[in-house]
Each structure stands twice: as C-alpha cells, then as structure tokens.
Amino acid sequence: MIPENPEELQALAGEYVLGVLDKEEAGEVAAELATNAELRRAVALWEERLYPLSSIAAPAEPPSGTWQAIEARISASVAKPTSQSPWNNLAVWRWSTAAFAAAAAGLALWIAVTPVPGPSLVAVLHPPQQGQGSWIATAGRSGLALRAVTTATPPGDRTFELWVITPGTTRPRPLGVIPRDGELTLTPLPPDLRDGATLAISIEPAGGSPTQQPTGPVVFVGSMNAV
Amino acid sequence: MENRSVALSEVAVLIEAVGRGSQVALKRLYEVESKRLYGIALRIVRRPEIAADVLQEAFVQIWQHAAAFSAERGPGAAWLTGIVRFRALDAVRKAGREIPSGDPALGDEPLEPDVIDKIGASADAEKLRRCLKLLEHDQQRCIVLAFVEGLSHSQVAERIKAPLGSVKSWIRRGLLSLRRCLEP
Chain A
1 MIPENPEELQ ALAGEYVLGV LDKEEAGEVA AELATNAELR RAVALWEERL YPLSSIAAPA
61 EPPSGTWQAI EARISASVAK PTSQSPWNNL AVWRWSTAAF AAAAAGLALW IAVTPVPGPS
121 LVAVLHPPQQ GQGSWIATAG RSGLALRAVT TATPPGDRTF ELWVITPGTT RPRPLGVIPR
181 DGELTLTPLP PDLRDGATLA ISIEPAGGSP TQQPTGPVVF VGSMNAV
Chain B
1 MENRSVALSE VAVLIEAVGR GSQVALKRLY EVESKRLYGI ALRIVRRPEI AADVLQEAFV
61 QIWQHAAAFS AERGPGAAWL TGIVRFRALD AVRKAGREIP SGDPALGDEP LEPDVIDKIG
121 ASADAEKLRR CLKLLEHDQQ RCIVLAFVEG LSHSQVAERI KAPLGSVKSW IRRGLLSLRR
181 CLEP
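Same order as they appear, the protein sequences are chains A and B.
For the record, in the first sequence the residue sitting at position 47 is 47 according to the numbering used here, with numbers rising by one throughout.
For the record, in the second sequence the residue sitting at position 171 is 171 according to the numbering used here, with numbers rising by one throughout.
The set of hints was computed from the structure by calculation and includes no laboratory data.
Heads up, a few of these hints could be off.
The list that follows gives simulated cross-link-like pairs (lysine-lysine, DSSO-like), each with its CA atoms no further than 27 Å apart [said to hold, decoys possible]:
no.	chain 1	residue 1	chain 2	residue 2
1	B	LYS94	B	LYS168
2	B	LYS35	B	LYS161
3	B	LYS133	B	LYS161
4	B	LYS127	B	LYS94
5	A	LYS23	B	LYS161
6	B	LYS168	A	LYS23
7	B	LYS133	B	LYS168
8	A	LYS23	B	LYS133
Taking the hints into account, I'd like the entire structure generated from these sequences.
So, in structure tokens, the structure goes:
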C-alpha cells in the first residue's frame, strides 16, 4: 500500500531510494512511480539529497568492452528498420471529421491560453481506429506540451508512453512516459519534433517500455503540423 | 538555490544532448561518468561481471530516458546515480544478495566510523554531512551503510547485529530528521 499521508510517503520514498525495501515492497513502489507524481517527486528529491553519499564508493575502471556492448545495443535500436514497421499498418490519417472538429475547438482554446513563442506546431492525437479520448500537443522553441483533452487512463498498473516518428524514418523514438495527470512537458524541444513528424502514444508497463520500441498497443496517434 | 549552477554542468548538458538523440554525447557521458558509476555499482553488487551488466543496462536506460531529464529537476550526476543504483539494487534483489560481512579478510571493505567526512566538498555534500552528524549514531550508521552497500532492512540488521524492528525505526526516523534538516 502506498500511503497518502505526506510524511509516510516521504519516509517510503526515502527507504526506496536508500534501497532497504525488500523485493516486493520495492516492486510496489516502482509500479506506482509511473502514475503517482507525488511519489515520483519525493523519490527524485531523495536521490538528490542522498547523492553526496555515493562518493564514498571508490571509482573503478569498468571491464573493457563495456562501452562497446552499450554502443552495440544503442546502434541496434536506431538502425534502419525493415519495411515491417508496426506503424505502416495504422490508419494514421483516417480521423473522423466530427472528432477532429471537436478536438479543434479545444485546440483553439488551448492555443489562446498557451503562449508558445516562435514557430508553432500542433498535433491532435486520436485512437487509430475507434475509441474514446484525444490529446493535444503544442510545440514551440521552448519545448513541447502534451495534455489529454478528455480523460484517458491507462489500464491497471500500465502507463502511457509518448513516441515520435520523424518524416523519412519509420522507427519510433521514445519521448517519455506520460504522468497519470495526463500532462507531459519536454524542454527544450527535441529537434526531431518538426513539421510532419508523427506522435504516438502506446500502453507500456509501469516505468515505460523496457526496450527502445513500443511493446504495447498504440492507442493514440497524430501528426505535427505548423500553424 | 545556490547550487543550481551545478545543473548547468557538462553532465547536464550531455544528458540533454543524449535526450535529443546524440550518440556522441552518450559516449562522452560514458567517458566522464563510467568510473564513478561503475564504482557505485560494484560496491553494491560486489562482482565485476554483474557491475558491468548493471552499467550497461543503466546506459541503455539513460539513452532511452534522457529526453525526460530536466536540468531544473536537479543535478545530472544525481540523476545518473539514481539510475545506476536502481539497476544495481534490482540486480542484487533478483540474485538474492550475499551480505558483505564487512570483514577485510573476506575482501569486504568495512565502513570506517568517520566515513561521512569523506563525502566531498560541494555545498550539498557539506549540508548533508552536517545533517547526518545531527542524527543519533545508530540512525546515521544504518542510513550510510544501507546507501553505500545497498543493504535491505534485514541485511543491515544482520550486519550490525541489531533487532530488525530497531533498524527499521532508526532508518525511518533518521530519514525524516534528515529531510527536516535539509529543508528548513
């Protein structure tokens, strides 16, 4: 059980960062992190507070080949994909007119209340086929803001993760796990978020996809356009 | 916020570049931080081949999640440390950890009583040291031991030969006092 009492929550987050919780307790906290912003903040603050203690461990040279192993895994994840991209099968552009109009109304309001300096991009994300809910992403020089227009909650202990596919490529790149409150801000603007880029949201295990690629279904998708 | 300049360190800049997809920045980050991070992992998992795996997993995770890092959230080095410690703790929990006895004859490094005098000279380290010294001795000892060696409640208890209930309460009360001290 994750406590709601602030002091209890702080103590639990501290115990988690310290590493004293057993496997089950730690797993419970880890699962809750993706969706509990308060807990996530508490953990980040404990990491920062206790960080100076990490200098007690003496630095040591990692075994040779460690970087090469990392590089191989990174390169494999960004290598040119085959034509069997999971995205080719999605009816990305088939938005229903009514849904688009409704979202566009919300969009107008959002733009009006959100000053975005410089060139601006917007995307409306919808379910690829049928389904409820939509998201709006706005981007400017200062970064990207994504928010849920209608309430959308990932099932169970799962989480939503945002991806970008740059024009000319087919491989999605992870942008981040979307907090439970349905708002994600990225600063500065990732450079591959440009006109014509596709944004997609998939359902992933708590904490985000364990691989460099979406592992769950893509539930919302839309394209970024200059406005 | 006297330490916000730390956030603009080379490490934070590199993490942000990694977040924009730069492999060159990731390599540079490895060059700058791998010895420190490997040392932290090794102290927890105690076996070089496992520590190397931990470092590898951590850097893949850094690559995937750097876009979500924000320099405003805190120093980049602390963010990296959190990822490596999380991976190391996960590895020892999965493997069912051996408990370092603290016996140098077995290759264990015992924590010296004055170990917190060695935690660096930055303003943050200075503040943490001052607050740790205000804790009761048992609270301080358990927190430092758990953090550095990645021991669970029951392993700390076994290691210092104290009842589990006492260890749990020392750590909990110690953490809450630390928090009050660090954030007046």
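Could you work out which of the previously given hints the structure breaks and list their numbers from low to high?
2, 4, 8
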